[in-house]
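Chemist: Below, each chain spelled out in residue letters.
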Amino acid sequence: MVKKLRFITLALFLLALTVGAAGAQDEKVLVIGWEQEPPKLSPWADNTFGTLIYGFTNRDLWDWDVNRDIYPVMAEEVPTLENGLVETLENGNTRVTVKLREGMKWSDGEPVTTADCQFWHEVKMDPAKGAIQRENYPDVVESFEVVDDYTMTITYNKPWPDYTFDSEINCYLPEHVLRPVLEADGTIDNAPFGSGEGVVGYGPYKFDEWVIGSQITLSKNPNWDGEPGKFDKIILRFITDSAQMLNAMEAGEIDVAFNWADDLVDSYSAIDGVEVFKTDGVYGDAIWMNVGNFKGTGEPHPMLGDPKVREAIIRAIDRISLAEDLVGEGVTVPKSWTPEAFWAPDLPYWDYDPELANQLLDEAGWVDSNDNGVRDKDGQELVLRFFTTTRQIRMDYQVVIQEYLNEVGVGTQLLPVPSNILFASFNDRGILDTGDFDLALFALSSNPLSPAFSAPDWFGCGNTPSAEKPTGKNGWGSCSEEFDRLDLEVSSTVDPEKRLELAHQAQKAFFDMGFWHGLYLRPTWYAINSTVVNVDEAVKSPGTLSANYFNNIEFWQPAQ
Amino acid sequence: MGKYIIQRALQAIPLVLIVTVLVFSLMKISGDPLAYLAQDPRVTERDRLVLRAKYGLDDPLVLQFVHWVFGDEGYVRSLDTDQNGEPDTTVVGERRGIIRGDFGDSIRFRKPVTDVIGQFLPNTLLLGTTALTVTIIMALVIGIFAALRQYTLADNIITTGAFITYSMPSFLLALVLVQIFSIQFRRWGLPSLPVSGMYDPRGDNSVDELIRHMILPVLTLSLINIAGWSRYIRSTMLEVISSDYIRTARSKGISERRVIFLHGLKNASLPLVTLIGLNLPFILSGAVITETIFSWPGMGYMYINALEQFDAQLVVAFVLMLAVAVVVFQLLTDVVYAWLDPRIRYD
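Protein sequence lines correspond, in order, to chains F and L.
Residue numbers for the first sequence follow my numbering, beginning at 1 and rising by one.
Residue numbers for the second sequence follow my numbering, beginning at 1 and rising by one.
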């Protein structure tokens, strides 16, 4: 009898534990699966999942809608040449005036003023004041002046067309919170703010708590004067294992999963009550050819140095079918490295044409003289070493591309390696930097808002890494003086129309270098529990830029 | 005994040093810890150079190791960030070296490694000690039960179950448990167990929430060990209960329960001491796979993140901590073993 009672008590206890989770819920809570815990908050964190939190807690002076049209948020209006807030000085340099909206408050109730923007400028200009990404800011900003509490000007030391998103004015950090830390420590790096304590922002949600290893909790910001958030709380739940992210979705522990791999579309779609949608990304995976840095010598590649061979290889691959089969319907195959919105209407593109590929290889002198299925020339077989990272979709691409190339007699040796090996610096014998590859498949992100390439380290002449210049990043040895000249002009032309025209010319010059060939724009996938979130509203309000998946989160609504 | 302990402790020092050098060298030759910045054209070359200087990544390897052990306080590195042949920036070293408890800063967390470890260690200890306790109790219960019923149906079922469980990789066991108790139970309309974390995100962080979240990770950690350890207990128990002194105890009319649990179990549990001693360090290190799968915010979770993010300082500190723990607990095991079994003496 006693034994039975013990057993029943234990069983009841276990049952109580398993039922315990479900309780009455009055609050509207949204739980988002977060696949990487950031080490610190932005701007200290440089990883994607650190900066994404910004989308909930902060807004910028202006933002872009789904059509990438700019609109003001913290600013009264977006500065342009037309409204006179952008001036070209006598020396040709650019000065921008910004007027803040009055009445804005930080989440702790303190007013947002130009003092906050000036504080950001101060930190950006001096590396000793904080280990944050400065980009080109200290190099291109000449001065920053506060006119009054709501008006300020920034002057660049050159013509600066990208003043809205590159080295732009920003009012990201609350001066009243961080100034005391800076004065005490000489740097803001040790501020508890970066680790989630006392975080203050200007956005629809405010930062409440960061439980290390578990989650970040956000709640509706009572001092936000924009469109109010519709959820009382948003929880960013850290789940680093992709299979467990899927299980958590199925178990109802999270309501949103995003940024998951393309091969999980069917699995997420199969969950009851879960709907799946995607937005276009800006990370474009592409084939990169070593054209001018054969084995790190800086010399033309004996095979890929020939434009006919390069065209033949790309003509042999059906990139559109590949994207549809391996990534999904409607995925864009990029024609250039810069975003589609800026592409020239007549931008050249090499269609799939295996017959032409064979013809080009024949013309280049590569024939299968020994009947082994691989073309050869002067005793050398046309076999290419093809690198990528260990990301599954890339390895899948590699395998199919190998098949395509086999069809035209081009052999490949597939070499998937960890990303820290592929992208390591020249001094650390990185594969790309040392030119120790023939083909490579990876993505280098472009700026989603700019028509300029603005990456001379990666694409410009004279930037091939070497013992003399180990900091160069152009491991494939591309070089076109025409492209360098045009891109420099694009980067310094303020007039939008003239700039776009120059950008179109630069794209053609980039194409003519022939070392980069787009495969697909990596989409961002979302899975949403339709019993918690109104999916129609969410689909209408996805993030609009690559690093900002949740900059329209205030429009997301609970399901009815 | 005292002499033996001192001798063993002295032997441990070069062992730990060798492990440290090996781990440090492996991390250094396995790639650039700042390679993750390479895909981002927004990161300027100057930022890269300053970061590399801050972590001493361009110093000679031997110097990096020396700085890591003894510190680089006051060591000045001059940089030519604008590449004009003239140094224009200096970065002064601030590390005090592991010998003074400074394992450096985590590259990704940008705070001291000891602070990072301090955040994750308590959760690991909670999970690890619970799992170990469950393992010990269940292994003893099952082992003794099977030994007392040798070759019965119950013993055969336990043996089969133990072999199946023991041969399962922990990640598979974890996913099977999740599939059954979280996914299928939910589909069948039964009360289900949580998939991840320490608390329900919508819950109140209560103790019963914590216990619910611990069930599957503790089961994952325990089941495989229970399967193995119960076999040890069973075989040593069989050996003990057929020995002369047990027969003597029985012939004296001592109750069977007293014979088994007082006289038999003390000697049968000796191999368990070794197993526990060998496993204790891994409580500190966390069950890497289990913690990662269940998003349990412990040392294993931290370690995997550090590896993925190539946070060399954190990885090396973690491995060094593990190496020291193995040596220390091995020593403790020997001491406890000698205390439990007076026949064991050391030269």
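If you are wondering where the hints come from, they were derived from the structure by calculation, not from laboratory data.
It cannot be assumed that every hint is accurate.
[Said to hold, decoys possible] No more than 27 Å apart at the CA atoms, straight line, and that leaves these computed lysine-lysine pairs for BS3-like:
id, chain 1, residue 1, chain 2, residue 2
1, F, Lys278, F, Lys230
2, L, Lys3, L, Lys54
3, F, Lys377, F, Lys308
4, F, Lys278, F, Lys233
5, L, Lys252, F, Lys129
6, F, Lys469, L, Lys54
7, F, Lys508, F, Lys498
8, F, Lys469, F, Lys335
9, L, Lys54, F, Lys295
10, L, Lys28, F, Lys469
11, F, Lys105, F, Lys220
12, L, Lys3, F, Lys129
13, F, Lys220, F, Lys233
14, F, Lys308, F, Lys508
15, F, Lys129, F, Lys105
Chemist: A separate judgement is required for each hint: does it hold in the structure or not?
Modeler: Taking the hints in turn, this is what the structure says about them:
1. Distance hint between Lys278/F and Lys230/F is fulfilled; the C-alpha atoms sit about 22 Å from each other, no more than 27 Å.
2. For a cut-off of 27 Å, the pair hint linking Lys3/L to Lys54/L is broken: about 44 Å separates their Cα positions.
3. Distance check on the hinted pair: Lys377/F and Lys308/F sit about 14 Å apart at the alpha-carbon level, within 27 Å; holds.
4. Restraint check for Lys278/F and Lys233/F: the C-alpha separation of about 24 Å stays at or below 27 Å, so the hint holds.
5. At roughly 81 Å between alpha-carbon atoms, Lys252/L and Lys129/F are farther apart than 27 Å, so this suggested pair is violated.
6. Taken as a hint, the Lys469/F and Lys54/L pair is honoured in the structure, with Cα atoms around 21 Å apart against an allowance of 27 Å.
7. Taking the CA atoms of Lys508/F and Lys498/F, the gap is near 16 Å; set against the 27 Å cutoff, the hint holds.
8. Pair hint Lys469/F plus Lys335/F does not hold up; C-alpha atoms about 31 Å apart against a cutoff of 27 Å.
9. Taking the CA atoms of Lys54/L and Lys295/F, the gap is about 31 Å. The hint is violated against a cut of 27 Å.
10. Between Lys28/L and Lys469/F, the direct Cα distance comes to roughly 22 Å. Compliance with the 27 Å bound is thereby established for this hinted pair.
11. Of the supplied pair hints, the one linking Lys105/F and Lys220/F holds, its CA atoms being roughly 14 Å apart against a limit of 27 Å.
12. For the suggested pair Lys3/L and Lys129/F, the alpha carbons sit about 54 Å apart, so the restraint of at most 27 Å is broken.
13. For the proposed pair Lys220/F and Lys233/F, the alpha carbon gap of about 6 Å is at most 27 Å, so the pair holds.
14. Restraint check for Lys308/F and Lys508/F: the C-alpha separation of about 17 Å stays at or below 27 Å, so the hint holds.
15. Taking the CA atoms of Lys129/F and Lys105/F, the gap is near 25 Å; set against the 27 Å cutoff, the hint holds.
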